[in-house]
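Once you have looked at the hints, place chain B on chain A.
So the sequences go chain by chain: A and B. Under my numbering, residue 283 is the last one in the first sequence; the count climbs by one each step, no gaps. Under my numbering, residue 262 is the last one in the second sequence; the count climbs by one each step, no gaps.
Each hint should be verified, as a subset may be incorrect.
[Claimed, not checked] Chain A regions said to be covered by chain B (calculated; three or more residues, Cβ under 8 angstroms):
no.	stretch
1	21 to 35
2	163 to 174
3	189 to 201
4	241 to 252
5	264 to 270
[Said to hold, decoys possible] Restraint ranges, calculated between C-beta atoms of paired labels, are given here:
no.	chain 1	residue 1	chain 2	residue 2	range
6	B	T36	A	S198	28 to 38 angstroms
7	B	S97	A	L135	51 to 61 angstroms
8	A	Q175	B	G130	25 to 35 angstroms
9	B	S97	A	R128	26 to 36 angstroms
10	A	L203	B	S212	20 to 30 angstroms
11	B	V160	A	A45	54 to 64 angstroms
12	A	W50	B	E164	37 to 47 angstroms
13	A	A45	B	G130	48 to 58 angstroms
14	B	E227	A	S47	50 to 60 angstroms
15	A	R55	B	M105	27 to 37 angstroms
16	A	S198	B	D159	58 to 68 angstroms
17	B	S97	A	L30	26 to 36 angstroms
18	B	L76	A	P202	37 to 47 angstroms
19	A	S198	B	E53	32 to 42 angstroms
For the record, the hints were derived by calculation from the structure and aren't laboratory data. Each residue gets a CB set at the ideal place from its N, CA and C atoms; glycine is no exception.
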Amino acid sequence: MTGQRSAWLLIAPLLLVLLLSFVVPLVLLLPTSFQEYQPGQGMVAGSFTWENYLRIATDGYYREVVLRTLALGLGVTVLCLLTGYPVAYLIVRGHPRWRLPLTLLVIFPLMLNLVVRSFGWIVLLTNRGVVNNLLIDLGLIERPLKLMFNMTGLLIGLTHIYLPFMVLMLVAALQNVPRDVEAAAATLGSSRTHVFWSVTLPLTAPGIIGGSILVFVLTISALVTPRMLGGPTYQVMATLIYDEYMQLLDWPSGSALSFALAASTLVIIWLSSRMTRRWAGMA
Amino acid sequence: MSDMKPTLPISIVALLVVAFLQVPVLVVVLTSFSETSYLTIPPQGWTLKWFAEVLSDPVYIRAIRNSLILAVSSTLLSLVLGVAAAYALFRKAIPGSEAITALLMAPLIVPSVVIGVAMLQYVTLVGLRGSFLVLIVAHVVITVPYILRSALASLSGLDVSVEEAARVLGADGFTAFRLVTLPLIKPGLVAGALFAFVTSMENVPVTIFLASARQTTLPILIFSSVEMGVNPGVAAISTLLIVATVIVLLLAERWTGFHKFV
Chain A
1 MTGQRSAWLL IAPLLLVLLL SFVVPLVLLL PTSFQEYQPG QGMVAGSFTW
51 ENYLRIATDG YYREVVLRTL ALGLGVTVLC LLTGYPVAYL IVRGHPRWRL
101 PLTLLVIFPL MLNLVVRSFG WIVLLTNRGV VNNLLIDLGL IERPLKLMFN
151 MTGLLIGLTH IYLPFMVLML VAALQNVPRD VEAAAATLGS SRTHVFWSVT
201 LPLTAPGIIG GSILVFVLTI SALVTPRMLG GPTYQVMATL IYDEYMQLLD
251 WPSGSALSFA LAASTLVIIW LSSRMTRRWA GMA
Chain B
1 MSDMKPTLPI SIVALLVVAF LQVPVLVVVL TSFSETSYLT IPPQGWTLKW
51 FAEVLSDPVY IRAIRNSLIL AVSSTLLSLV LGVAAAYALF RKAIPGSEAI
101 TALLMAPLIV PSVVIGVAML QYVTLVGLRG SFLVLIVAHV VITVPYILRS
151 ALASLSGLDV SVEEAARVLG ADGFTAFRLV TLPLIKPGLV AGALFAFVTS
201 MENVPVTIFL ASARQTTLPI LIFSSVEMGV NPGVAAISTL LIVATVIVLL
251 LAERWTGFHK FV
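Extracted from the complex, chain B is given alone in its bound form:
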């Protein structure tokens, strides 16, 4: 119906808001190339020295490595645990599956800072403070709802008879799942895994209570260095994260039509 199309003023307002969403990103990228030691727009001269400085700083390198190890391992663990659980819930063989789903999704509702302090007290109590495994498990808790949500959504759109056909033809339960169901829900799982990865990569409120100085992650490092004042090094590392995000988002869009899963 043509006459409910957005009017010109509405379209202009909407485009301004979308532009507003990109402003901090553009500002960070522009300032990271400035030769000055303070952040300024337009940038004064063009230099890559802040990138060189950050990438040769062992503190930053370790933080990037910690973040990647943590995000990859917690996403993989969430994927295995979450898909298994979603599959069990989907087959509806378990009584009280609604309550179980609510429990598994609860980490999304409870404020992260509360999960953080609860974990801090708990690991102090059982004497596991400073263990990297604790950090991985904590990240599984906060990332698994995303996997679960996308796995349940993908499974619900699935025709059960396809998998049953495979079993009639002689495949055992796991083989039928691996060869038939898994490929069908893969796009949804990729999107869920991406969300889990991003959530782990940017988490501060849980990590900051649990990570020791050696386990500092990239977002924690940026978060605490900003308390000392802003500097172009932070802008440079932020620019690298922005570029990485753009690449990952575009690849995900090409592979899975990512925007449909958000």
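Just chain A, same shape as in the assembly:
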């Protein structure tokens, strides 16, 4: 039997679909990003310019959006790590009977429609929303706090959205920590805290790095939650791309920003995989 031929026949349909509706569209987007754009007239045929890319680095507004996106990614990653680690620890090391219900409660928001989750945060965070009403009723504040259309709202909402990914990565990492290594450290006189900081935490480093990369990349690419909680004025890269395509119709600028966003996610993933490989080589 010609094993190779039948294997190609099995894989060809999917390869063809991906080539025609993923690779080719992305490649065709590249020339657009080097075209000149005249407001009101559209793309200038046959033009070539670096302007669309230069603008991202030099124009004050674009730079602000890019920096805000990266800061958001960093903030959400740190928050997910700090809140996710205790949850993962409780799931892996807590009473076995709690394990399944806790895991399901972490997975449930993940399976729930993203638009619904973001909508829930709008109900909570708007000016006359649940959180502000509660704080006013308790007499803690007099006037509603501004919790939406700013960094606070995006940090809360996106941490909620991506926390399950972090927890699941950390659960996997904690499960791989050999218990006898911890036991050995404890037998040799280490305190609980010391065992945690010097044995458990370093041994879960692959999960911490993996989870952080995942959350960071997902956060900087997010469109739905930033638009729903940030509105049309508080922009991040993905919402700006959306507006340049749908509102401003400035496709060249939008495609340059798209490549900048895609390139940053690819570089981050590539760097992290190199880093973890080097670590694995050292161990």
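Chain B alone, transformed into the frame defined by chain A:
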């Protein structure tokens, strides 16, 4: 080892975080029963009128129908294409299979909004803008990595000799796959298909660039109606989605031990 058990403060923090994960869900469900036309907690009175309103609104009905058709057809298509590809990769008959796997998984890494704008320009160029088939294919692109991942993981845990035994006993390649391999990898495939379905059902960043007004899906409808302001109708439809998610998650857990595949 008993002394590395979580301490009480750690457990309390962890439980608070898990509770934080459920807060928006509870809030949405509670507000959808309120009689007021604004969203408030605790709900003022109890009513089902927002559910009745949404479910009798032809715009919502069409969006739900579009979403279901799109999710079911793209998941089935992804399943067929993805399992075939995973099987070919698993048999390791193809040179460069690592590079091919990377290419097939790439839609997970490229930001969805970028896939969306690239597809928009492409379908405009080839004159297919507004075709529902384009939307299905776009959803195959974003859902197939989930199928592929779970199919590859399930296949790698498989003993090749079982299928070979079937072939020695006279089954042809497809029969051996259908009767021996397929049942063994089924739980993994169900989990992968569920992920694909959920991904398609909630997608906004790709769909919004490709769907015409008549093809609007449920998440797009909620996404754009929120820009006009929040209303209890959105809370009601969200509650229905929440209930559906709970049921599907519990069924999947019973059938396949779903949490092991996440």
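Here's how the hints hold up against the structure:
| no. | hint | in the structure |
| --- | --- | --- |
| 1 | 21 to 35 | holds (count 9) |
| 2 | 163 to 174 | holds (count 3) |
| 3 | 189 to 201 | holds (count 4) |
| 4 | 241 to 252 | holds (count 5) |
| 5 | 264 to 270 | holds (count 3) |
| 6 | B:T36 - A:S198: 28 to 38 angstroms | violated, 56 angstroms |
| 7 | B:S97 - A:L135: 51 to 61 angstroms | holds, 57 angstroms |
| 8 | A:Q175 - B:G130: 25 to 35 angstroms | violated, 48 angstroms |
| 9 | B:S97 - A:R128: 26 to 36 angstroms | violated, 57 angstroms |
| 10 | A:L203 - B:S212: 20 to 30 angstroms | violated, 52 angstroms |
| 11 | B:V160 - A:A45: 54 to 64 angstroms | holds, 56 angstroms |
| 12 | A:W50 - B:E164: 37 to 47 angstroms | violated, 58 angstroms |
| 13 | A:A45 - B:G130: 48 to 58 angstroms | violated, 25 angstroms |
| 14 | B:E227 - A:S47: 50 to 60 angstroms | violated, 34 angstroms |
| 15 | A:R55 - B:M105: 27 to 37 angstroms | holds, 32 angstroms |
| 16 | A:S198 - B:D159: 58 to 68 angstroms | violated, 41 angstroms |
| 17 | B:S97 - A:L30: 26 to 36 angstroms | holds, 27 angstroms |
| 18 | B:L76 - A:P202: 37 to 47 angstroms | holds, 45 angstroms |
| 19 | A:S198 - B:E53: 32 to 42 angstroms | violated, 60 angstroms |
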